[in-house]
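J.: On the provided structure of chain A, position chains B, C and D as indicated by the hints.
In order, the protein sequence lines correspond to chains A, B, C and D. Each residue of the first sequence is one higher than the one before, counting from 2 in my numbering. Each residue of the second sequence is one higher than the one before, counting from 2 in my numbering. Each residue of the third sequence is one higher than the one before, counting from 2 in my numbering. Each residue of the fourth sequence is one higher than the one before, counting from 2 in my numbering.
Pairs count within a copy or across copies, as identical chains cannot be separated in the list.
Subject to a maximum C-alpha distance of 27 Å in a straight line, what follows is the list of computed DSS-like cross-link-like pairs (lysine-lysine):
hint, residue 1, residue 2
1, 235, 7
2, 181, 253
3, 69, 26
4, 144, 253
5, 69, 7
Keep in mind that the hints were calculated from the coordinates and are not lab data. This one's a predicted model, so the numbers in the text were calculated from it and none came from an experiment.
There are 4 protein chains.
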Amino acid sequence: MALELKGIIPPMVTPLNADGGLDEKGLEKLIEHLITGGIHGIFLLGTNGEAPSLSYALRKELITKACKYIRGRVPVLVGITDTSFNGSLDIAAHSKDAGADAVVVAPPYYLPISQEEMIDYLERLIPQLSLPVMMYNMPSCTKLHLSLETVKRAKELGAIGIKDSSGDMSYFYSLIEAFKETPEFSIIVGTELFLPETIIYGGHGAVAGGANFLPELFVDLYNASVANNLEDIKILRNKVAFVNSSIYCVGKNASRITKGIKCALSVMDICEDHMALPLRKFENREREKVKEYLDQFAGSQVA
Amino acid sequence: MALELKGIIPPMVTPLNADGGLDEKGLEKLIEHLITGGIHGIFLLGTNGEAPSLSYALRKELITKACKYIRGRVPVLVGITDTSFNGSLDIAAHSKDAGADAVVVAPPYYLPISQEEMIDYLERLIPQLSLPVMMYNMPSCTKLHLSLETVKRAKELGAIGIKDSSGDMSYFYSLIEAFKETPEFSIIVGTELFLPETIIYGGHGAVAGGANFLPELFVDLYNASVANNLEDIKILRNKVAFVNSSIYCVGKNASRITKGIKCALSVMDICEDHMALPLRKFENREREKVKEYLDQFAGSQVA
Amino acid sequence: MALELKGIIPPMVTPLNADGGLDEKGLEKLIEHLITGGIHGIFLLGTNGEAPSLSYALRKELITKACKYIRGRVPVLVGITDTSFNGSLDIAAHSKDAGADAVVVAPPYYLPISQEEMIDYLERLIPQLSLPVMMYNMPSCTKLHLSLETVKRAKELGAIGIKDSSGDMSYFYSLIEAFKETPEFSIIVGTELFLPETIIYGGHGAVAGGANFLPELFVDLYNASVANNLEDIKILRNKVAFVNSSIYCVGKNASRITKGIKCALSVMDICEDHMALPLRKFENREREKVKEYLDQFAGSQVA
Amino acid sequence: MALELKGIIPPMVTPLNADGGLDEKGLEKLIEHLITGGIHGIFLLGTNGEAPSLSYALRKELITKACKYIRGRVPVLVGITDTSFNGSLDIAAHSKDAGADAVVVAPPYYLPISQEEMIDYLERLIPQLSLPVMMYNMPSCTKLHLSLETVKRAKELGAIGIKDSSGDMSYFYSLIEAFKETPEFSIIVGTELFLPETIIYGGHGAVAGGANFLPELFVDLYNASVANNLEDIKILRNKVAFVNSSIYCVGKNASRITKGIKCALSVMDICEDHMALPLRKFENREREKVKEYLDQFAGSQVA
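Excised from the complex, chain A in its bound form:
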């Protein structure tokens, strides 16, 4: 049966120990936390997963162990984006062997390339992949904003969907418009607050970083959106907005969101919040702030 990408697919953070190794116990707890929370799939080794910062050995260990702990309960997607073509193929082959369900492909991210060069790259890459492919638009990291034409060509080559993390809602809506005749091609949004409109207007789900620590919130918001239940949407979306304007605003730099997510998980005693360089985990001052916001959030839950 064909893999269908939809719902809440957290871009899972990679739990790490102080020595840079995999926090295996944390990984297992995190996966249970996500699945218990009702999420519809798990995306390993995306941007929040700090994939490019990890060694191949660590990436492979993560894939193997995550697949083992997930036990087929939800689809597993693995980011194989790399500047080395063979590196991508190698992670893809390992993903297949480990039992993953799909691979995720963004442009190689060192050399600035054109849409034509990206299409050429995909024409080389996709035929060599044995797992279904989801495209990944992440221009703030890769420097290439995938054009509609490039996405269409990826679909012709076999891609089953796209996750867009550009934050460019006009572009995202143009994706929905462009593929509305083929609803089996999944349009997944990477910006949490855009989840309801994504679903209401024909998209399929969200790769929501916040679902790492608040999986139920996002699953509920997804379900309310599928049900067109505006009343619930407004209440749940307000909670997401709170997280966005509190926890995601602790610290500075673009990396603060990934740091905030990992810190929240650590505060919740789910996994460690060590990070791979060039990132560094929050200091105590930021951690206290995250803790305070999590408490506020929990309080509002009761209300």
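T.: Same frame as chain A, but now just chains B, C and D:
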């Protein structure tokens, strides 16, 4: 004796076979071509070297063999920039073992990081490196334009110079100004046409891609600049301008320069011009154009 | 009674004759078309109104005559943005005299200025204005993306709302979040497709270019959004999406949207579609395309 | 006899009184200061002249009075760039009447336009101008980086030169390369530190903001460059570098350079340093810093 970075240091292309492996014979010929041409150092695994597109194994093989062929005749600099911190350390250690003289460091290039994060990264990285460090500013690829403050901090941490490939001449002049009291800190330009003014106003050299196939031209231009010989400078610089407006304008996309350089080397029968994905070597039509320009260049030499 | 900005406020195009003068008859017809269509206000001399391309005399003539034809039936907002401070004051004074209800202020747009300089500018400007002020965020034209802080300061100085045409939905949502405790401060969106979510999540209306020729469509979509009627929203939004992906995609360059709107109005025999330089009206080929799309749109209305 | 643009052409600041009117006495003193300093032309109403911030009346008054004071001793160039086509024509006609020698044209700067739209605009504008035209590339203000093709078309339409203030030296060198067969087409640089290489490699002069207060320094540097006198070039260029890294670094924001120039002129008692909004003159603290740097500069002159 302390390593002094100056003169013409070609960012050597990585000769590759059709199967993606190292073109070992081409490598040897290329190295002889460079050294015979009088260059003052060789920079392996930079942007023109397609480093991020190569597997670690291939990078290490290149380092080992290049050092072997170079035989200490000129200093060898090795790019260790990587998104994985351990990847950088590993290439650095291998470079040391292989006999290289320095390593070259640009920011990790997937996550957008701030100057503060880059400084923090350098504070972690540089103390673990046993070879001298040259900084590498390449914002079009890394997304981070190294600030003066970051470069100053790198120098405090032990960096012995910087290569600037931003193309931003005002910035480059501010580098020269900022470090004029410490002329042992090398200021190297990455834009070929800026070589004379770099030298005249206090800089130290050029990492000139064109020196891959025309090492003598750049060495002559460097020497004329050191000698403040404006007459020769104008003649030689005109030749560089010709290369810039001919061979570097064949094809399209930013990658055309690296492609043109490799193609010229192939036309000159020095090495193969296969490239690592996502790049692809020039087709016949472009190759013919490069050949034509090379002939014109040779003709003008005679004149 | 305080002016309340909400609903559909078309950024009215400026009907021009072939000689560059005001198409007065077209102006009158256009205004009737808009008011009959149920719009809630009219915004003169915005970007779609080509304000900066018009002489002061023409701007003043437009203000006077538009106010005369509108006859107080809906609020009139006038763009006073100018690179000359006195130019802004002059247009503002004229607007007051002509009976307009509010003025609209974007940053002076030649010199790149900082947020601090913009705040300083507003502290000078707003106290000298006798009409209510709406802020206007239009970074693609002005080069300054108004920060939350700048907007907050504008509110303190008396601004009654903001129109955001950045297309940056995350920013827009942060505006709604920042001002949710003061719902009398109007948050107006400039991107047509974002209208429903704007209203549902707490915004107040849209400055929709397409409302120039399809006022009822946008008024209906606004009403459906206020009523939280998702079924109607989806149907009406589909029509807007059609316009976006058809008429707004005729021709090229950013200016094609304004050109498409004026052309549609001309095809509908409402006003001329001459434009002020540097823009030029569509040629016949583009006009035929616009006509075809308008026919398709009309057909779908029947369905 | 045809007008030849070359040498040092200061982009003259516009001396203003506290009430925003023209500082007529300052204007006269400034002009004498410039001409006594040996400059080769005066450019009124450029970016340093704050042209877009001034009313038409003030711009015309400036043109008339400047031409009167200059008395034909050097060519007068007048910036006519405006968002209103008729505004540009009007200032151009006034310039002709007042006795100016050329007009300067940059793209209209509100609407983002394409190269094609700019060419179309020039095809309309230039034939209606009775004075020679110099093109002006100023992308940081106008958002359009004039392509080589656009400049070539401008030349075909009659433009006699271009001033490039992009700061992009590779682009600037490509201009020199593109027009080397027609040396009567003037290539003028807008970045002070690039003056020697501009002249040495075939350019014609500099529109140097610093020549407002230090005309002799720039004239001397120009003459040394024409004479290929590298020794003098180095000494004089060092002084320019000092100004760049001292006076131009007082204050913050891009506007600090224009503010610094005006402030220096005020400290030197040549004219007032009031500015047109959105800019504001330096406060005392910054003024003291400028004074200190001017003293240092004067001291080094003696040395």
